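Protein chains: 2
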Amino acid sequence: MSVEVLSFIGGTGPEGLGLAVRFAAAGHEIVIGSRSPERAQQAVEKIRARVPGARAAGMVNQEAVGRGDIVFVTIPFAGHRDTLEALAPAIGAKVVVDVVSPLSFEGGKMAVIAVPEGSAAEQAQALLPQARVVAAFHHLDASQLMRVERPVEADVLVCADHREAKERVMALAEEIEGVRALDGGPVANSRYLEEFTVILLSLNKTYKARSSLKISGIPTRPKG
Amino acid sequence: MSVEVLSFIGGTGPEGLGLAVRFAAAGHEIVIGSRSPERAQQAVEKIRARVPGARAAGMVNQEAVGRGDIVFVTIPFAGHRDTLEALAPAIGAKVVVDVVSPLSFEGGKMAVIAVPEGSAAEQAQALLPQARVVAAFHHLDASQLMRVERPVEADVLVCADHREAKERVMALAEEIEGVRALDGGPVANSRYLEEFTVILLSLNKTYKARSSLKISGIPTRPKG
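Same order as they appear, the protein sequences are chains A and B. For the first sequence, the residue numbers in numbering that gives the first Met the number 0 are 0 to 223. For the second sequence, the residue numbers in numbering that gives the first Met the number 0 are 0 to 223.
One should not assume that every hint holds.
Since the list gives no way to pick out one identical chain from another, each pair is judged satisfied if it fits inside one copy or across any two copies.
To be verified - In the SDA-like style, the derived pairs of lysine to any residue whose C-alpha atoms are separated by at most 25 angstroms in a straight line are:
id	residue 1	residue 2
1	K108	E28
2	K213	M109
3	K93	P128
4	K207	Q40
No lab work stands behind these hints, which were simulated from the structure alone. In this text, all values refer to a predicted model and were calculated from it rather than measured experimentally.
Bound conformation, chain A alone:
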């Protein structure tokens, strides 16, 4: 494993923070991006509270992107297009991991937002033509990620059109204890991952649970 600098656009939200905590625990350098440097710094304190000695810094999104080897997009879908358009020059040809599911929660009712490009990840790829966009981590429960002393129990499905970037993100995912990464196919498949989040959130409500996804019938490959 090589240490990488992982930047999180919207790293103050639960999903970004949860992933940042896990990757800090795995020894990576974390950069939390936010519109507010104060909130970014608060998120860094939360990471350090769970991972003593974590290498983490907080700054505005634009600077965070510049520092990252890999850029995670962990913002609500409402800000997805505008945020990526504004950050496109800073992102350039980096590897972008899009974790966003295009959902709205208006009036307490969950709905999938139709994305003209097909999916959030495909929208990211359209807005960032030079970047290598990878869709992943949609189905990990944020509160489980924060409990860094416990392994998670989940498979992470990864969709991308860029083989090297996909393999890099799959290897990264498996640094989270308990995670198996699976190749979910091209980025065109990301829509079905993003939208499946509706099912997990519905299960969470019905069963008062924190559900994640696993795939049976695929023999686990030996790691290492």
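Add chain B to chain A, keeping to what the hints say.
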């Protein structure tokens, strides 16, 4: 458990046949429907070869529907609308389990077909306004279902707007050894189940596997 008569529209295809074998093994009476009575009879022989003493009969779809307490729809999506329109009077107010995913495989390329009603199950409900449509069993691998001596390893997600019908189908699903049934919410959620089939088929191709779905993070309820 009460013995029910389960009819399969398109019961000669792999998914219908696989479910029929499992439910025959659980003691239910199976009626295989087909456009061809000869092919229906051949499917019945396949069931008996795997479940000696199975109570099973083969007949044309129209008659099969009339005999069933519960009607399974296990046809390719290409024939979904026309078949259900033709069978609507025979189906009436029965419980209909729609297993269909709206996929095409033209030229070896898999694609999701947009369904005006939202999903195959919602299309069924629109065509069969008196019936109680339940979407379920999309993610069980047909070849695993046929190996009746082995438990499957899968959760079956069930979507419906009719509570009693949903509970009946969930109880039925759990008669398949190794299956846990989970309430996936209203029939409007069925789209995300149907389309997720693309991911499992993509995994099967990539890993030369027979994948199914499991949900982690939901404590298993005691059965019985």
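Evaluate K213 and M109 at a C-alpha cut-off of 25 angstroms and name the case that applies: within, between, both or neither.
both (23 angstroms within a copy, 23 angstroms between copies)
Checking K108 and E28: alpha-carbon separation at most 25 angstroms within a copy, between copies, both or neither?
Classified as neither: same-chain Cα gap 37 angstroms, cross-chain 41 angstroms, threshold 25 angstroms.
Indicate which option fits the pair K93, P128 if close means a Cα-Cα distance not exceeding 25 angstroms: within, between, both or neither.
Only inside one copy: K93 and P128 sit 11 angstroms apart there, 51 angstroms across copies, limit 25 angstroms.
Could you place K207 and Q40 in one of the four classes (within, between, both, neither) given a Cα distance threshold of 25 angstroms?
So K207 and Q40 fail the 25 angstroms test inside a copy (32 angstroms) and across (46 angstroms) alike.
Violation of the numbered hints given earlier is confined to hints 1, 4; the remaining hints are satisfied by the structure.
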